[in-house]
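> Sequence:
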Amino acid sequence: MLKKQMLFIPIAIIAAITSACGNSSDIDYKITKDSEMSSIKRTVEIILPERVDEKELAKIANDIYEDGFKRTFIGYRVKGNTEGAYWATTNYNPELKVNIIGLNKETYKKLISSESNIEGSIIGSWYISDGPIEYKLHIYSKNGKHNIKTIFSDGSETSEGLETLEKDGRKRYFTSNGKDIGEYYIIRKDGDLELWGSSGNYYTAKSI
0 MLKKQMLFIP IAIIAAITSA CGNSSDIDYK ITKDSEMSSI KRTVEIILPE RVDEKELAKI
60 ANDIYEDGFK RTFIGYRVKG NTEGAYWATT NYNPELKVNI IGLNKETYKK LISSESNIEG
120 SIIGSWYISD GPIEYKLHIY SKNGKHNIKT IFSDGSETSE GLETLEKDGR KRYFTSNGKD
180 IGEYYIIRKD GDLELWGSSG NYYTAKSI
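Numbering that gives the first Met the number 0 numbers the first residue of the sequence shown as 0 and each following residue consecutively.
Rather than coming from a laboratory, the hints here were simulated on the basis of the structure.
Remember, it's a predicted structure, so these values are computed and weren't measured experimentally.
Every residue gets a Cβ at the ideal spot worked out from N, C-alpha and C, and that includes glycine.
Possibly wrong hints are sitting among the right ones.
Stated by the list, open to error - The calculated DSS-like cross-link candidates involving lysine-lysine, where the alpha carbons are at most 27 Å apart (straight line), are:
id, residue 1, residue 2
1, Lys109, Lys148
2, Lys166, Lys78
3, Lys54, Lys32
4, Lys69, Lys40
5, Lys54, Lys141
As the list claims (entries may be wrong) - If you anchor each label on the Cβ, the simulated ranges turn out as follows:
id, residue 1, residue 2, range
6, Asp33, Glu165, 38 to 46 Å
7, Asp25, Asn142, 50 to 58 Å
8, Gly154, Asp66, 43 to 51 Å
Take the sequences, apply the hints, and build the full model.
The structure is reproduced here in structure tokens:
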């Protein structure tokens, strides 16, 4: 997201859960990283097929946990949103703590299914999920001008105009603030949305 647009970041929910220990998870998760720093720390990264609740995260952590490490850190991303920050973490330091950083399953479903009154022709719609930063975007045209609408989990919305620039055969979409700091959007041929900044393409959102 262009940083100047962000208005709302959900507060992370942190809970110590011990009641789930001893129960195995039925979630078909995928381990994408498992590294060790001697006996000091073990770091694991997980891709979940969908968002789950705190109890299920505790079960997954219990499945993965092994004795012999002072600390175990497990970071979770959700299938379809595998870039950027973790959606949730579970840490043994040494007791288990579960931290859901992004939107929980119910709030996510509500946001993804929400409708917005857009007066104009929709060019594309995308969902951005990068840790605590989650929102829905629409780029649309009205009266020959381009606009962007951002929808947040609390139901609030922002709208602003977009400027366009053709460069290297690709159309760039700028907000006024984004243009000042070198941030812009590019819609790919497959419909996905690239978010660009001074460091390059830092995030790509799947089309919805």
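> Take the hints in turn and mark each one as holding or not.
Comparing the hints with the structure gives:
no.: 1; hint: Lys109 - Lys148; verdict: holds, 17 Å
no.: 2; hint: Lys166 - Lys78; verdict: violated, 32 Å
no.: 3; hint: Lys54 - Lys32; verdict: holds, 22 Å
no.: 4; hint: Lys69 - Lys40; verdict: holds, 6 Å
no.: 5; hint: Lys54 - Lys141; verdict: violated, 46 Å
no.: 6; hint: Asp33 - Glu165: 38 to 46 Å; verdict: holds, 45 Å
no.: 7; hint: Asp25 - Asn142: 50 to 58 Å; verdict: holds, 52 Å
no.: 8; hint: Gly154 - Asp66: 43 to 51 Å; verdict: holds, 46 Å
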